[in-house]
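Line order of the protein sequences matches chains W and E. Numbering-wise, this note's numbering puts 82 at position 82 of the first sequence, and it's gapless, one number per residue. Numbering-wise, this note's numbering puts 125 at position 125 of the second sequence, and it's gapless, one number per residue.
Careful: at least some of the hints might be erroneous.
It does not matter which identical chain is used: a pair holds within one copy or between any two.
[Claimed, not checked] Okay, derived cross-link-like pairs now, DSBU-like style, lysine-lysine, Cα gap no bigger than 35 Å in a straight line:
hint, residue 1, residue 2
1, 69, 147
2, 69, 130
3, 66, 169
4, 130, 66
5, 212, 147
6, 130, 87
7, 130, 91
8, 66, 91
9, 91, 169
10, 130, 169
11, 147, 91
12, 69, 87
13, 147, 122
14, 130, 147
15, 69, 169
Just so you know, these hints were derived from the structure itself, not from any lab. It should be emphasised that the depicted structure is a prediction, and the values quoted were computed from it without experimental measurement.
Number of protein chains: 2
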Amino acid sequence: MRYELYYWPHIQGRGEFIRLALEEGAGEYVDVGRLPESEGGGRPAVARMLENAAAGRTPFAPPILKAGKLLLSQTANILHYLGPRLKLAPKDEAGRLWAHGLQLTLTDLVVEAHDTHHPIAKSLYYEDQKPEALRRAADFRALRLPKFLGYFERVLAANPGGDRHLIGKSLTYVDLSLFQVLCGLGYAFPRTMDTMLRMHPRLAALQRGVEKRPRIAAYLASSRRIPFNERGIFRHYPELDGA
Amino acid sequence: MRYELYYWPHIQGRGEFIRLALEEGAGEYVDVGRLPESEGGGRPAVARMLENAAAGRTPFAPPILKAGKLLLSQTANILHYLGPRLKLAPKDEAGRLWAHGLQLTLTDLVVEAHDTHHPIAKSLYYEDQKPEALRRAADFRALRLPKFLGYFERVLAANPGGDRHLIGKSLTYVDLSLFQVLCGLGYAFPRTMDTMLRMHPRLAALQRGVEKRPRIAAYLASSRRIPFNERGIFRHYPELDGA
């Protein structure tokens with residue numbers, strides 16, 4: 001199966017969770033948004049997918065995955081579908097439902113990380129909501145981030161398969177997504193995360209472990225990995241990282 | 001199968017999406033949080049589920065569904081599991097993935113609706129973040145709400161099975177969730193929703209249609225339906241409903 005990923009070409013964003021799974025799982029895929037417009041790619045190709053209302057099943061937003069005749073949207077939904085096919089999901093139903101629940105909890109964390117710099121409106125610039133962002137980021141650093149990270153640290157510790165993975169004895173797409181969230185948080189909040197990772201050694205070990213996997217290391221070193229920037233989910237505004 | 005739902009007893013909250021599916025689908029269930037504490041229910045029973053870290057698979061937050069030996073968390077995950085079992089999901093894989101994607105888009109809308117009254121911190125009272133709430137609610141009413149509602153209106157219009165349902169020719173759990181979101185938005189933003197529903201006749205018809213279904217009507221009239229209040233997701237603060 002040759003998958004087609006539709007996502008905005010200039011940010012990691014939510015598309016990155018799909019890219020990491022496809023890269024580690026050696027899925028054959030085309031990142032359509034990153035193809036030149038002359039080859040049918042770019043932002044226009046992504047935008048066309050969202051205007052295709054005539055087909056009856058138009059997604060609300062990217063990322064969108066085309067898998068043969070199937071069209072999937074919502075990051076966690078796409079990973080729930082791809083996981084077993086890329087051998088990155090537990091084999092039993094209970095394990096897959098647990099994995100999906102964890103992924104949706106990461107989804108919640110991602111929204112809250114995003115809203116630290118956009119607490120009022122996606123339609124406004126960061127500079128137009130900076131006082132509110134300072135307040136929201138302070139709460140995020142003090143309460144929400146420790147709550148989420150403490151939770152995932154406990155899930156690692158309690159995994160009967162060992163604390164190197166969230167579920168079972170081998171890597172799943174949820175480990176990859178947690179890795180990506182830790183990378184993003186480290187970019188956005190380097191000071192805070194330096195402390196947090198010292199307090200949560202299993203999370204730190206998971207991040208290092210994923211980063212060293214041959215296929216992930218090759219991907220991160222390639223031009224396919226878009227650098228973090230201030231247009232994505234995770235943005236580095238030093239004032240939001242605390243004093 | 002006798003399902004056990006674990007959710008906070010004093011609000012509809014995210015648990016309500018599960019309750020509506022179980023009610024319409026005639027699922028046998030116990031709403032554990034609403035049992036008296038003397039019968040092993042109440043808030044302590046829900047809290048215990050979140051402290052059960054020893055079991056290795058502790059959910060992050062309610063709602064939690066116990067289905068035999070399975071323990072499920074995250075609303076959309078629970079509905080994805082329950083849907084086929086309650087005959088409230090499409091029969092084909094493509095339809096189920098489409099349903100789940102739509103449910104996750106409703107999940108996104110629910111977060112944004114909640115954050116109109118809590119844009120800064122869940123840990124603070126509304127009164128402590130009222131200026132920010134006024135700003136966020138204005139953007140929600142002007143941009144986000146029309147974007148989401150316009151989307152679901154188009155999905156209804158484009159459904160090859162007819163515009164009475166989001167998917168196919170019969171009711172799914174996603175229709176029930178959309179109904180619940182429309183009820184909640186109507187409670188929180190009555191003036192805004194009065195206008196919005198006139199602009200989106202298919203949404204208004206879906207809400208009326210679901211409300212009249214015998215099992216739903218009986219549920220809504222029962223004491224099992226917790227009234228909307230100012231502790232849940234959808235809260236009525238008139239100043240957030242515009243001038």
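Do the hints match the structure? See the list:
Proximity of residue 69 to residue 147 under the C-alpha cut-off of 35 Å is restricted to the inter-copy arrangement: shortest distance 27 Å between copies versus 40 Å within a copy. Neither within a single protomer nor between protomers do residue 69 and residue 130 lie at most 35 Å apart by alpha-carbon distance, with minima of 44 Å and 47 Å respectively. In the homo-oligomer, the alpha carbons of residue 66 and residue 169 lie at most 35 Å apart both inside one protomer (30 Å) and across protomers (25 Å), since each shortest distance falls under that limit. For the homomeric pair residue 130 and residue 66, neither the shortest alpha-carbon distance inside one copy (38 Å) nor that between copies (43 Å) is at most 35 Å.
Proximity of residue 212 and residue 147 under a CA criterion of 35 Å is satisfied intra-copy only: 27 Å inside one chain copy versus 42 Å between copies. For a Cα distance limit of 35 Å, the shortest separation of residue 130 from residue 87 qualifies neither inside one copy, at 43 Å, nor across copies, at 48 Å. Taking the shortest alpha-carbon separations for residue 130 and residue 91, neither the intra-copy value of 46 Å nor the inter-copy value of 48 Å comes in at or below 35 Å. Both within a single protomer and between protomers do residue 66 and residue 91 lie at most 35 Å apart by alpha-carbon distance, with minima of 23 Å and 20 Å respectively.
Proximity of residue 91 and residue 169 under a CA criterion of 35 Å is satisfied in both settings, with 12 Å inside one chain copy and 33 Å between copies. With identical chains, the CA atoms of residue 130 and residue 169 are never at most 35 Å apart, being 44 Å at best within one copy and 48 Å at best between copies. Taking the closest pair of Cα atoms, residue 147 and residue 91 come within 35 Å of each other only inside a single copy of the chain (29 Å); across copies the shortest separation is 38 Å, beyond that limit. For the homomeric pair residue 69 and residue 87, the shortest alpha-carbon distances inside one copy (21 Å) and between copies (25 Å) are both at most 35 Å.
Taking identical chains as interchangeable, the C-alpha atoms of residue 147 and residue 122 lie at most 35 Å apart whether they share a chain (25 Å) or sit on different chains (12 Å). With identical chains, the CA atoms of residue 130 and residue 147 are at most 35 Å apart both within one copy (24 Å) and between copies (25 Å). Taking the shortest Cα distances, residue 69 and residue 169 sit within 35 Å of each other both inside one copy (33 Å) and across copies (21 Å).
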